[in-house]
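Student: Here's the letter readout for the chains.
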Amino acid sequence: MDYRYIHLVKDINDTMVELKDIGIAKGGKQILHDISFKIPDNEFIAITGPNGSGKSTLAKIIMGIDKPDTGSILLDGVDITGLSMVERAKKGIAFAFQTPVTFKGITVRRLMELASGKKLEKSEVCTFLSKVGLCANNYLTREVDSSLSGGELKRIEIASVLARKARVSIFDEPEAGIDLWSFKNLIEVFGELRSEVEGSIVVISHQERILNIADRVVLLENGTIDKVVKQGEKNSLFTDELRCCKC
Amino acid sequence: MENTDKEKSKLDEELLGTILSSKSLSGDTGLEEGAHSLRKNGCSIELRSTPNVRIERKTDHPGINVYVKDGAPLEFVHVPVIITKGGFDDVVYNDFHVGKNAHVIIVAGCGIHNDDDCNAQHDGIHRFFLDEGADAQYVENHYGEGTGTGERILNPETDVQLGKSATLRMEMVQIKGVDSTVRTTNAELGEKATLLVTEKIMTTGKQTAKTIFNVKLNGKDSKCQVTSRSYAIDDSKQTFVSNVEGNAKCFAHVECDAIIRDHGKVTSEPAITANDVDASMIHEAQIGKIAGEQLTKLMTLGLTEKQAEQEIINGFLA
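In the order they appear, the protein sequences are chains F and G. With this note's numbering, the residue at position 206 of the first sequence is 215, and numbering never jumps. With this note's numbering, the residue at position 275 of the second sequence is 271, and numbering never jumps.
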């Protein structure tokens, strides 16, 4: 089944992913407490908050990389809490890592093919790479290893998620570890994703400019949801809180 | 049909295809193009020269002398060896003389099919003499198969002399079926000479593999890059030894990456010696199982753990 088109026959406000009372502890510390919220079809949701507030853990729980101690996750009303990350990937959930993983011997082209689940023509790889500002001719045969810069790896990581054509695309701090110039381009990439990606986008971010293009911003604090703000409702108080978060 | 030493059988073609096809431009084995020497069970059974490449049999030892003319454009030379029976210990001496500014790709390798209960062994002693400005690529594939209990043993030795501004790229691959190997490479580099070595070795079962690189960077501005990638599984053992000497202003980078699984063992014994204050020498070694984060990344793309592991290994040894 091609999940990209499911939303076309569903109401725009249908909830795709629902988190219910999610809790998890690591190393004796409670990271998340009773987190509940919904990710509707086609929404761009930003999750923000101070370091250590549990943002990345929450993203990994949606992907199935981390398992919650309590609570449940529903996809289209079906409980997927017990599903592995592989099963969730096959159901249309994709994840871009905060620190891209490197592979000696696996080329950029091969990674894109693995992400899309099929052999790709050069022009198809080019389409994905050009969306993140990379010229395919320079990268097709390059290995996804440390010979690439942090910014290049980050873009390739994002492109690998685009190649998934997933229903829910999760990006864990895409701005982390990249330089100012790459970041400027990254904002443009997410601006375009906002209009092009068919499905929901969840971005973990500290960056106000990314938060500004989100439909909703979820603010996490000490493992709980402090508040959820919709587009156009981001008031000065919220902005002040974010600034405080970045201190 | 009985597989005699003087004729090529279907089995021979298959062995040749395995060790040569990756670098051939046409045909099943690559022998259809360029100069070649085919050796089977200790006998030289085919020899062909071209206008720019002369191949002649040695008179004092088993083996051949290969001469590539000065200024030769891109030439191909294939020198495969196949062994199709046990109880055999073949030693061959091949010398390659690459003329000034000549450009050549040499594809060598040994395929052993041993259905017998006694060992089959091949020791190829290869020497390279590259004149000024020569550019050579040497590709060596080793492969073993067969149902007998006799071991398949390969002990290649390579000696390299690089003249001024000469470049030699060596690609050595041993992926399957060789029970025991000791591979030794000795090289001396002149002024502005470059040696690039890539070796990829996979061992399984109780196989052992040892590679030794002795490189002397004698010329000013000479360069050497040695990249070793190995994969040891089951109870197999691998050892990587490098002794690189910088005797002038030079650059050397030795890199050993190994993935181990089950009870596989890998030892890296690096030695880099700077005998000149302007010598720049780097050694990197990394040994371990497949990183969990690599598996996780590929599993988030929908690959099972087994598929992810295979993909990582395929890329690593590609």
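A few of these clues could be false.
[To be verified] Label-pair distances were calculated between CB atoms; the ranges are: (1) F:Glu197 / G:Ile208: 23 to 33 Å; (2) G:Glu265 / F:Asp43: 35 to 45 Å; (3) F:Glu197 / G:Ala270: 45 to 55 Å; (4) G:Asp217 / F:Glu230: 29 to 39 Å; (5) F:Gly126 / G:Asp111: 48 to 58 Å; (6) F:Gly61 / G:Asn271: 27 to 37 Å; (7) F:Gly37 / G:Asp272: 22 to 32 Å; (8) G:His259 / F:Gly37: 41 to 51 Å; (9) G:Lys261 / F:Leu83: 25 to 35 Å; (10) G:Glu289 / F:Glu201: 21 to 31 Å; (11) G:Thr235 / F:Lys193: 41 to 51 Å.
Read the hints as simulated data drawn from the structure, not as lab findings. Glycine included, every Cβ here is placed at the ideal spot set by N, Cα and C.
Student: Taking 35 to 45 Å as the hint, is the beta-carbon distance of G:Glu265 and F:Asp43 inside that range?
Tutor: At 55 Å between Cβs, range violated.
Student: Is the gap between the beta carbons of G:Glu289 and F:Glu201 within 21 to 31 Å?
Tutor: Holds: the Cβ-Cβ distance is about 28 Å, inside 21 to 31 Å.
Student: The hint says 27 to 37 Å between F:Gly61 and G:Asn271; measuring C-beta to C-beta, is that right?
Tutor: 52 Å, violated
Student: Taking 41 to 51 Å as the hint, is the beta-carbon distance of G:Thr235 and F:Lys193 inside that range?
Tutor: Holds, since G:Thr235 and F:Lys193 (Cβ atoms, about 50 Å apart) stay within the stated range.
Student: Note whether the CB distance of G:Lys261 and F:Leu83 lies within 25 to 35 Å or breaks it.
Tutor: 47 Å Cβ-Cβ, so the 25 to 35 Å window is violated.
Student: Does 23 to 33 Å hold as the CB distance between F:Glu197 and G:Ile208, or does it fail?
Tutor: Violated, since F:Glu197 and G:Ile208 (Cβ atoms, about 53 Å apart) do not stay within the stated range.
Student: Is the gap between the beta carbons of F:Gly126 and G:Asp111 within 48 to 58 Å?
Tutor: 41 Å, violated
Student: Is the gap between the beta carbons of F:Glu197 and G:Ala270 within 45 to 55 Å?
Tutor: 48 Å, holds
Student: Is the hinted range of 41 to 51 Å satisfied by the C-beta distance from G:His259 to F:Gly37?
Tutor: 35 Å, violated
Student: Can you let me know if the beta-carbon spacing of G:Asp217 and F:Glu230 is within 29 to 39 Å?
Tutor: Between G:Asp217 and F:Glu230, where Cβ atoms are some 59 Å apart, the hint is violated.
Student: When you take the CB atoms of F:Gly37 and G:Asp272, is the distance between them in 22 to 32 Å?
Tutor: 55 Å, violated
In terms of the numbered hints stated before, the structure departs from hints 1, 2, 4, 5, 6, 7, 8 and 9, listed from lowest to highest.
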